[in-house]
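2 protein chains.
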Amino acid sequence: MDRLPLVNGLLKYINKEHSYFAMPGHKMGKGFRGDAASLFNDILKADVTELPGLDNLHNPDGIIKEAEERLSALYGSKKSYFLVNGSTSGNMIAIFSSFKEGDKVIAERSCHTSIFNGIILRKLNPVYIYQDFDNRYNLGIELSEQNVLNAIRENPDAKGIILTSPNYYGAAINLENIIKEAKLHKMTVIIDGAHGAHFIASNNLPASPISIGADIVINSAHKTLPALTQSAYLHVNNESLISKADFYFHVFNSTSPSYLLMASMDYSRYYLERYKTEWDRLIERCDRTRAKIESLGIYHILDEKELFNSKLDRTRYLINLPSQVSAYKLKDILLKSSIEIEYNDCNNLILIFSPFNTEEELDKLYEVLKGIDINSLKGSTIKIKYKFPKPKQVLSPYEASEQKGETILLKDSLNRVLKRAIAFYPPGIPCILPGELMDIDTLNMIEYYKENKIDALGIQDDKIEVVLERKI
Amino acid sequence: MDRLPLVNGLLKYINKEHSYFAMPGHKMGKGFRGDAASLFNDILKADVTELPGLDNLHNPDGIIKEAEERLSALYGSKKSYFLVNGSTSGNMIAIFSSFKEGDKVIAERSCHTSIFNGIILRKLNPVYIYQDFDNRYNLGIELSEQNVLNAIRENPDAKGIILTSPNYYGAAINLENIIKEAKLHKMTVIIDGAHGAHFIASNNLPASPISIGADIVINSAHKTLPALTQSAYLHVNNESLISKADFYFHVFNSTSPSYLLMASMDYSRYYLERYKTEWDRLIERCDRTRAKIESLGIYHILDEKELFNSKLDRTRYLINLPSQVSAYKLKDILLKSSIEIEYNDCNNLILIFSPFNTEEELDKLYEVLKGIDINSLKGSTIKIKYKFPKPKQVLSPYEASEQKGETILLKDSLNRVLKRAIAFYPPGIPCILPGELMDIDTLNMIEYYKENKIDALGIQDDKIEVVLERKI
Chain A
1 MDRLPLVNGL LKYINKEHSY FAMPGHKMGK GFRGDAASLF NDILKADVTE LPGLDNLHNP
61 DGIIKEAEER LSALYGSKKS YFLVNGSTSG NMIAIFSSFK EGDKVIAERS CHTSIFNGII
121 LRKLNPVYIY QDFDNRYNLG IELSEQNVLN AIRENPDAKG IILTSPNYYG AAINLENIIK
181 EAKLHKMTVI IDGAHGAHFI ASNNLPASPI SIGADIVINS AHKTLPALTQ SAYLHVNNES
241 LISKADFYFH VFNSTSPSYL LMASMDYSRY YLERYKTEWD RLIERCDRTR AKIESLGIYH
301 ILDEKELFNS KLDRTRYLIN LPSQVSAYKL KDILLKSSIE IEYNDCNNLI LIFSPFNTEE
361 ELDKLYEVLK GIDINSLKGS TIKIKYKFPK PKQVLSPYEA SEQKGETILL KDSLNRVLKR
421 AIAFYPPGIP CILPGELMDI DTLNMIEYYK ENKIDALGIQ DDKIEVVLER KI
Chain B
1 MDRLPLVNGL LKYINKEHSY FAMPGHKMGK GFRGDAASLF NDILKADVTE LPGLDNLHNP
61 DGIIKEAEER LSALYGSKKS YFLVNGSTSG NMIAIFSSFK EGDKVIAERS CHTSIFNGII
121 LRKLNPVYIY QDFDNRYNLG IELSEQNVLN AIRENPDAKG IILTSPNYYG AAINLENIIK
181 EAKLHKMTVI IDGAHGAHFI ASNNLPASPI SIGADIVINS AHKTLPALTQ SAYLHVNNES
241 LISKADFYFH VFNSTSPSYL LMASMDYSRY YLERYKTEWD RLIERCDRTR AKIESLGIYH
301 ILDEKELFNS KLDRTRYLIN LPSQVSAYKL KDILLKSSIE IEYNDCNNLI LIFSPFNTEE
361 ELDKLYEVLK GIDINSLKGS TIKIKYKFPK PKQVLSPYEA SEQKGETILL KDSLNRVLKR
421 AIAFYPPGIP CILPGELMDI DTLNMIEYYK ENKIDALGIQ DDKIEVVLER KI
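These protein sequences, in sequence, are chains A and B.
Residues in the first sequence are numbered from 1 upward in steps of one, following the working numbering.
Residues in the second sequence are numbered from 1 upward in steps of one, following the working numbering.
Hints in this document: simulated from the structure, not taken from any laboratory.
Since the structure is predicted, the reported quantities are computational estimates derived from the model, not experimental observations.
It is possible that some hints are incorrect.
When chains are identical, the list treats them as one kind, so a pair holds in a single copy or across two.
Calculated pairs, PhoX-like style, for lysine-lysine (alpha carbon to alpha carbon, straight line, at most 25 Å) [claimed, not checked]:
1) Lys100 - Lys244
2) Lys186 - Lys404
3) Lys453 - Lys65
4) Lys79 - Lys336
5) Lys104 - Lys329
6) Lys30 - Lys45
7) Lys411 - Lys390
8) Lys180 - Lys12
9) Lys292 - Lys16
10) Lys392 - Lys463
11) Lys123 - Lys244
12) Lys183 - Lys404
13) Lys12 - Lys370
14) Lys336 - Lys45
15) Lys12 - Lys30
16) Lys244 - Lys45
17) Lys331 - Lys370
18) Lys186 - Lys276
19) Lys364 - Lys45
20) Lys453 - Lys331
21) Lys104 - Lys123
22) Lys404 - Lys123
23) Lys450 - Lys65
24) Lys244 - Lys450
25) Lys123 - Lys100
26) Lys180 - Lys392
27) Lys331 - Lys392
Chain A extracted, bound-state conformation (with noise of 0.2 Å):
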């Protein structure tokens, strides 16, 4: 056993040269220079407290305050705040501060895993919007405005509603009617931005959700922009919010925040605001090399005219493979050239670029594409649907957190009501949540992912966890 397991783990990572695809937006280390470098230069040292003249975060009233106003000025908002715990904490945040115990709320089936566990600590009553599939992809990519507007509709009485705007592939929904008609129904709009810190850098990116006049946006700033993992910004843009996400914000951050994450939510707010234009020419660099590889014949790259009334995001991509062709070959190939994606699937890999990538960079992966003989590929793709059942809820998501819970084996689950979420990476969007029953097309689904050894969340030695049965 390694005495120094992460530690060496990391090393051994860093020692190689990547071009780097995935996040954080920095593209390990090469996204802090010019005017932060002899900070960046020195980060370990800059790891201090709140000393005097070093402001708290908690309570700013100096640098910290200065750069949170500058923030707020450069997005739009009301107030904004820089998160050291992840745009995970702003979805808890957003959502304990817009709703109250019992409230009715509208979310996204796919929503990340946190603005489920704020529906469930926050005791709301959600109402599902699900994804269509994609049968070319085979995942959802994309949520209907249509089915937006109705939910909207058919609940006026709820009191908000939650979406993911952009996901994971890079699809920003059109935002402005179903805004303009939650806000006629005086609902509340969150809008988990976690994927588009960068929008506001450029007209080719889709719009940002604060001027269109979402209440809450959260953006993670790692994910795109020059700042270190686990940054995010909260934006309020509801002044009677305001006083409530001021306490939350206490709630879900550590009041020992790392000055690491904090200096680095400064510089990318900076770098965003100085050089922005370093976001078109990136984009420029991703339409280049996307037609390059499109012409290849083989790869098929996620273009804005297939989504439905969504916007896309240029400086991503989802490839999409043929049929019969392994995304994990591929992924193994890449790996060893060197190339660092984001993410695969059975079909799909998604990479996620910054203006920290360079044109040469982006040359290699067209390159290393372009040499690829299809035909080592071929052969066992796992052939999965990425679409959902829709399990029935019998219980809130907090009843059945709270119940007392019994471990069973997943094969004689069928029927009971699950006590945990279970969820599959790729791509980590629960498939039943606490308070759903197991039904055979879930608990099929869910056999069948295991076969296939894929990751599970919430099963563990072939066991989960449901609501203890009560004799009746």
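Given the coordinates of chain A, work out where chain B should sit on it, guided by the hints.
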């Protein structure tokens, strides 16, 4: 205005050399050396995401699992976790895992804010134990063991007890009898040991609460070990709480956890294990310097003999000054000599040492103190009693937090029920909590603090938030 306020503020700070007697334990980077230096020298490159081989903090089965198992083995817990959202998140996880809504709990009133936030969000009914006031130090330095035992016996229906040990001053209450009594009444024992991560290093330090049978212990890794700010360890020592802790871990910690924080936690566990004798040597250095400083006849450093039922962490100093001597003035003089302290109030200073503070640095502290003309420190000390009144609770903290609020002038708040806590820095412990009634003693004390320009949380422009008065 500075275009990079936070980055440049930090840069200004790190461009000076300091004898650093504050948190974190790595002392401005000096602690990252030896076996891990090659990683920490290139740390920004290691800020990556969950790539193949690098495991996943939220579902560990590789290097993170191995690192956490080593942590658990070292502390002797049933299961230990790396927290990337500080002890703040550990306290929330502990409370949510141990208690259900409406549970009665016994809590030290001088707990960290996050404990009170947990009490609010989990809707607990708290019974408080107050510290005894120490006139010499003008603050409450320790809890009375007898008071704690009485609280347990008088509230046998309480589901658990939450104590801080050690506290900010280094006092670690004797837990043997307390835990025995709590267990007699089937209470869950949570110890916020944020300041005691290093206790397992030496028999010359107070005992680790895990070894005495506490159910959950939270240690800030960064405060005393060579770990980055915001990193903490959660130790669960009770099998029946593990599944709940697993769930709440997800809720309160980012799903984009920082590999920098995690690597530093792996390293500090390793350092503690391999170089534990460094703490004995540190204690020797501290004891020697303590005796020299005492011999000056002016400064008094808290000694274990003064404590009634606590052990003292001798790796920190609580330096008490003669009356009419200003701790603020002394801090300024130390700062001019590039000696950074952790904290001061009117009468006292706190200095926190780690193995990375050298003999030379401690000598320098002594020499600077020796060279000070005591007359230059005399004058405007702020005469505040850190003794808090005990306002009456009329609504549960949760109920009050959820009520409609109104913002009124502090001076008009007599007999109103608080919606948000008011706390002063230093020392940061709330003097009135949500649901408590403003009485004349509390109001006078708050007014007195304000006149003396002590930083206040919960007061803005002389206004505070109270529960909206409903007409009867």
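Hint by hint, here is what the structure shows:
{"no.": "1", "hint": "Lys100 - Lys244", "verdict": "both (11 Å within a copy, 24 Å between copies)"}
{"no.": "2", "hint": "Lys186 - Lys404", "verdict": "between (37 Å within a copy, 18 Å between copies)"}
{"no.": "3", "hint": "Lys453 - Lys65", "verdict": "between (48 Å within a copy, 19 Å between copies)"}
{"no.": "4", "hint": "Lys79 - Lys336", "verdict": "neither (45 Å within a copy, 37 Å between copies)"}
{"no.": "5", "hint": "Lys104 - Lys329", "verdict": "neither (44 Å within a copy, 56 Å between copies)"}
{"no.": "6", "hint": "Lys30 - Lys45", "verdict": "both (19 Å within a copy, 8 Å between copies)"}
{"no.": "7", "hint": "Lys411 - Lys390", "verdict": "within (19 Å within a copy, 56 Å between copies)"}
{"no.": "8", "hint": "Lys180 - Lys12", "verdict": "neither (51 Å within a copy, 47 Å between copies)"}
{"no.": "9", "hint": "Lys292 - Lys16", "verdict": "neither (27 Å within a copy, 52 Å between copies)"}
{"no.": "10", "hint": "Lys392 - Lys463", "verdict": "within (21 Å within a copy, 49 Å between copies)"}
{"no.": "11", "hint": "Lys123 - Lys244", "verdict": "both (17 Å within a copy, 17 Å between copies)"}
{"no.": "12", "hint": "Lys183 - Lys404", "verdict": "between (40 Å within a copy, 22 Å between copies)"}
{"no.": "13", "hint": "Lys12 - Lys370", "verdict": "neither (29 Å within a copy, 50 Å between copies)"}
{"no.": "14", "hint": "Lys336 - Lys45", "verdict": "between (36 Å within a copy, 19 Å between copies)"}
{"no.": "15", "hint": "Lys12 - Lys30", "verdict": "both (19 Å within a copy, 23 Å between copies)"}
{"no.": "16", "hint": "Lys244 - Lys45", "verdict": "neither (35 Å within a copy, 37 Å between copies)"}
{"no.": "17", "hint": "Lys331 - Lys370", "verdict": "within (14 Å within a copy, 65 Å between copies)"}
{"no.": "18", "hint": "Lys186 - Lys276", "verdict": "neither (35 Å within a copy, 60 Å between copies)"}
{"no.": "19", "hint": "Lys364 - Lys45", "verdict": "between (36 Å within a copy, 21 Å between copies)"}
{"no.": "20", "hint": "Lys453 - Lys331", "verdict": "within (17 Å within a copy, 60 Å between copies)"}
{"no.": "21", "hint": "Lys104 - Lys123", "verdict": "both (9 Å within a copy, 21 Å between copies)"}
{"no.": "22", "hint": "Lys404 - Lys123", "verdict": "both (17 Å within a copy, 19 Å between copies)"}
{"no.": "23", "hint": "Lys450 - Lys65", "verdict": "between (49 Å within a copy, 21 Å between copies)"}
{"no.": "24", "hint": "Lys244 - Lys450", "verdict": "between (42 Å within a copy, 24 Å between copies)"}
{"no.": "25", "hint": "Lys123 - Lys100", "verdict": "both (8 Å within a copy, 14 Å between copies)"}
{"no.": "26", "hint": "Lys180 - Lys392", "verdict": "neither (30 Å within a copy, 46 Å between copies)"}
{"no.": "27", "hint": "Lys331 - Lys392", "verdict": "neither (37 Å within a copy, 63 Å between copies)"}
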